[in-house]
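Undergrad: Listed here are the chains, written in short residue letters.
There are 2 protein chains.
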Amino acid sequence: MKHALTFEITDRLEGTLARAGIIHTPHGAIETPAFIVGGTKATVKAITPEQIKEYGGQAVLANTYHLMLRPGTAIIKQAGGLSKFMNWNGPTFTDSGGFQVFSLGVAYKKGIDAVAHTERGDAAKAVKSSDQLVKITERGAHFRSHYDGQKLLMTPESSMELQHEIGADIHMAFDECPAPLAPPYYLVEALERTHAWAERCLTRHQELNKEHEKNGEPLQALYGVVQGARDEKPRKQSAAFLGARDFDGYGIGGVFETSEIPTVVKWVDETLPDDKPRHLLGMGAQPADLFLGVEYGVDTFDCVAPTRQARNGALYTYDGRINIINTRYKTDFAPIDGECDCYTCLHYTRAYINHLFKSDEILGATLASIHNERFVVRTVDQIRQSLKDKTFFELKKRFLHRYYGDTPPVGVIVE
Amino acid sequence: MKHALTFEITDRLEGTLARAGIIHTPHGAIETPAFIVGGTKATVKAITPEQIKEYGGQAVLANTYHLMLRPGTAIIKQAGGLSKFMNWNGPTFTDSGGFQVFSLGVAYKKGIDAVAHTERGDAAKAVKSSDQLVKITERGAHFRSHYDGQKLLMTPESSMELQHEIGADIHMAFDECPAPLAPPYYLVEALERTHAWAERCLTRHQELNKEHEKNGEPLQALYGVVQGARDEKPRKQSAAFLGARDFDGYGIGGVFETSEIPTVVKWVDETLPDDKPRHLLGMGAQPADLFLGVEYGVDTFDCVAPTRQARNGALYTYDGRINIINTRYKTDFAPIDGECDCYTCLHYTRAYINHLFKSDEILGATLASIHNERFVVRTVDQIRQSLKDKTFFELKKRFLHRYYGDTPPVGVIVE
Chain A
1 MKHALTFEIT DRLEGTLARA GIIHTPHGAI ETPAFIVGGT KATVKAITPE
51 QIKEYGGQAV LANTYHLMLR PGTAIIKQAG GLSKFMNWNG PTFTDSGGFQ
101 VFSLGVAYKK GIDAVAHTER GDAAKAVKSS DQLVKITERG AHFRSHYDGQ
151 KLLMTPESSM ELQHEIGADI HMAFDECPAP LAPPYYLVEA LERTHAWAER
201 CLTRHQELNK EHEKNGEPLQ ALYGVVQGAR DEKPRKQSAA FLGARDFDGY
251 GIGGVFETSE IPTVVKWVDE TLPDDKPRHL LGMGAQPADL FLGVEYGVDT
301 FDCVAPTRQA RNGALYTYDG RINIINTRYK TDFAPIDGEC DCYTCLHYTR
351 AYINHLFKSD EILGATLASI HNERFVVRTV DQIRQSLKDK TFFELKKRFL
401 HRYYGDTPPV GVIVE
Chain E
1 MKHALTFEIT DRLEGTLARA GIIHTPHGAI ETPAFIVGGT KATVKAITPE
51 QIKEYGGQAV LANTYHLMLR PGTAIIKQAG GLSKFMNWNG PTFTDSGGFQ
101 VFSLGVAYKK GIDAVAHTER GDAAKAVKSS DQLVKITERG AHFRSHYDGQ
151 KLLMTPESSM ELQHEIGADI HMAFDECPAP LAPPYYLVEA LERTHAWAER
201 CLTRHQELNK EHEKNGEPLQ ALYGVVQGAR DEKPRKQSAA FLGARDFDGY
251 GIGGVFETSE IPTVVKWVDE TLPDDKPRHL LGMGAQPADL FLGVEYGVDT
301 FDCVAPTRQA RNGALYTYDG RINIINTRYK TDFAPIDGEC DCYTCLHYTR
351 AYINHLFKSD EILGATLASI HNERFVVRTV DQIRQSLKDK TFFELKKRFL
401 HRYYGDTPPV GVIVE
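Here the protein sequences come in this chain order: A and E.
Quick note: the first sequence uses the UniProt record's numbering, first residue 1, plus one each step.
Quick note: the second sequence uses the UniProt record's numbering, first residue 1, plus one each step.
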């Protein structure tokens, strides 16, 4: 079977799982470690593709569930695929819609905290209930559209068909992400289902790729998605099961807290085949996620929090996060961060951005998003460079100390 | 008295009041006729200054009333003036706040249509009432902030002081814009007040410019604002009164309908001194406004409707206005207009923009605004060129016929 991508590892950091490399896709190369920009609905919110290129974004990740509902995957196919539809001249990923089974399912109306975060969660809520928009069977996930309540079924096969219509370079297998606080019997059941679905995904994906080959179209790549909640045995079991199959790479799903990276992500990456790329799904808003992720073998990250937080005025600086709406910034004529090299920091003051937010001006969302995205992309770029220079641990220590001061996220030890 | 700007007329169209020229300001030149981009709150909504340059915008017009309330003019002064505050490296205008006396005054909660449009209006509403946020005395306009109800007074003198703090290149005198349907006695009273205020503006402006000169700062320019509603006598009287005074140019206020241009604007421009630039305030969303305005002697226009309409999905094409939210565009893979050379039309389809609007994505507002702004700027650029080539009437006929078909705006005759 021909493959859509090749992965080349160029540097490793001894004594860790970290590596730097290059993923070659039909739409261009991605230097790893890399932060993949969140473009859920075929747009990076408030930002043009030229602005993404300018801040150093290498690839965009869209979501199959959202695009299936709007505008519909057939329209994206007719437009020439995701990359052409959104004018993003570079590599693309799609998530499978599996995470929506979680967020519209057991987490629906309760919030992710209630079913996933040990500190704040409630195990009783992390089981099935009638108050959700998803029902899961062996066949697939029976959804109701969050737009209009329309009944929909997504199966492993249909997820592959939808993703092939969208035409991103890298697809994710359709998985079930259970609430980490769900009871053990349910976690076992969900993991078995995820594995069975992964095999069905792979079969359908390979059929669709054969058609592409016949039509002279570029091949598409498929990542298996490792689940298994927070215990070592199921995580390693999942990584071994999927690792033995012919996926182009691996997504790591179901990781919710920074403190899980040195355990869960480590177990997974120790077990997965070393020569395939690994993507940590939905994590990357905390600098600690990026440093620990790379240290424990992650090649790519995605996260929509940097743009979402930007739209709420929460901006990243090397000295920690600030809220630009705070009155203290009204007369602050410094850039958001004097060391940042983004378009926003080179041309605008905190006072101006404070004014835009206070006045509900759209340009505020644009300038803030460019800044937060650049901050994250640049951090990962610096981490990549530090793997080549063998200065990773110095960078990690300096960066995290300065960013978090005395209050790093739970479970993160900054030596 | 030294002046902040010079105006050079390079071409004229015989038998009309039309001319092409160049306004030189301390922040650069404006080739006229020109469409001045609306930047009410020190931002062109949803657009970066680089995008304005790219679509050919030459100058930006902000509003004194809005900037006085947020962020406050002292902050803009501290930032180095409007141009620096908003990262707009080019000429700037400020409107005086006079129009807000109208829109928060007699038009408040009734809408402009009810007090200004002959076809739809109600003369009974076009007089003072208690349901408004403004009270006018000889001293000035007593406002209530539309944000928080705070009591404020704007006088001709304070408007000049505020505008000098904002530091735009071209200021407008503080005028009263009465409802055109107001009774004759009130129109006389309002015009006398506007003239008295214009003289007070000029005096205070000249004092402030002397201070700038002393401090080695760039001078600022002041336009008198001609009022007089819809009758020939008061309009000519106002143009003659203000034309005899040492203003750098003239704003034409109180024009609400395209059909007023061949009468009201003509009377004013016939009477004003020929060698000073003339700005038609708040008009320019209709191509007919631009063609008729130029024909009857207007040098610059401003209007926020192109960006406001864009945010509502109303997009300009050479064959008339379309609403991109319409379902027919869901699978339309053509650009908004195949003849348009804007960033949006070169890179995106109607289908994609339809998707962005249906999904409430901010990028939709950005792409739509760039398109509408480019359409208007380019139209005025074409008109300017047609004055040099002596092809104005051919262009006007061809353009308006195609744009309006058989339904041009009331009072517009397309021969």
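Because the hints were derived from the structure by calculation, they are not lab data.
Please note: incorrect hints may appear among the correct ones.
Said to hold, decoys possible - The calculated lysine-lysine pairs, modelled on DSS-like cross-linking and capped at a C-alpha distance of 25 Å, are: (1) 84(E) with 330(A); (2) 77(E) with 2(E); (3) 151(E) with 45(A); (4) 358(A) with 151(E); (5) 233(E) with 77(E); (6) 330(E) with 151(A); (7) 45(A) with 135(E); (8) 330(A) with 151(E); (9) 77(A) with 151(E); (10) 125(A) with 135(A); (11) 151(E) with 135(E); (12) 330(A) with 77(E).
As the list claims (entries may be wrong) - A short list of chain E residues far from chain A (calculated; beta carbon distances all over 12 Å): (13) 17; (14) 44; (15) 71; (16) 79; (17) 84; (18) 153; (19) 311; (20) 330; (21) 349; (22) 351; (23) 364; (24) 402.
Where is the CB? At the ideal position from N, CA and C, for every residue including glycine.
Undergrad: Is the hinted pair residue 45(A) and residue 135(E) satisfied, with a Cα-Cα distance of at most 25 Å?
TA: Answer violated: residue 45(A) to residue 135(E) is near 43 Å, above 25 Å.
Undergrad: Would you check whether the claim that residue 153(E) is not at the interface survives, using Cβ distances to chain A and the 12 Å cut-off?
TA: holds, 23 Å
Undergrad: Is the nearest Cβ of chain A still more than 12 Å from the Cβ of residue 84(E)?
TA: Answer for residue 84(E): violated, closest chain A Cβ roughly 9 Å.
Undergrad: Could you grab the alpha-carbon distance between residue 358(A) and residue 151(E) and see if it respects the 25 Å cut-off?
TA: holds, 20 Å
Undergrad: Does residue 17(E) sit more than 12 Å from chain A, CB to CB?
TA: Given that every Cβ of chain A is farther than 12 Å from that of residue 17(E), nearest at about 37 Å, it holds.
Undergrad: Can the restraint linking residue 84(E) and residue 330(A) be considered satisfied, given a maximum Cα separation of 25 Å?
TA: Holds, because 16 Å separates the two Cα atoms, which is no more than 25 Å.
Undergrad: Would the least Cβ to Cβ distance between residue 351(E) and chain A come out above 12 Å?
TA: violated, 6 Å
Undergrad: Holds or violated: are the alpha carbons of residue 151(E) and residue 135(E) at most 25 Å from each other?
TA: holds, 11 Å
Undergrad: Between residue 330(A) and residue 77(E), is the straight-line Cα distance small enough, at 25 Å or below?
TA: holds, 13 Å
Undergrad: Could you let me know if the closest chain A CB is still more than 12 Å away from the CB of residue 330(E)?
TA: violated, 6 Å
Undergrad: Run the C-beta distances from residue 364(E) to all of chain A and say if the shortest one exceeds 12 Å.
TA: violated, 8 Å
Undergrad: Is it true that the CA of residue 233(E) sits at most 25 Å from the CA of residue 77(E)?
TA: Between residue 233(E) and residue 77(E) the Cα gap is close to 41 Å, so the pair fails against 25 Å, i.e. violated.
In this structure, the earlier hints numbered 3, 5, 7, 9, 14, 15, 16, 17, 19, 20, 21, 22 and 23 are contradicted, and the remaining ones agree with it.
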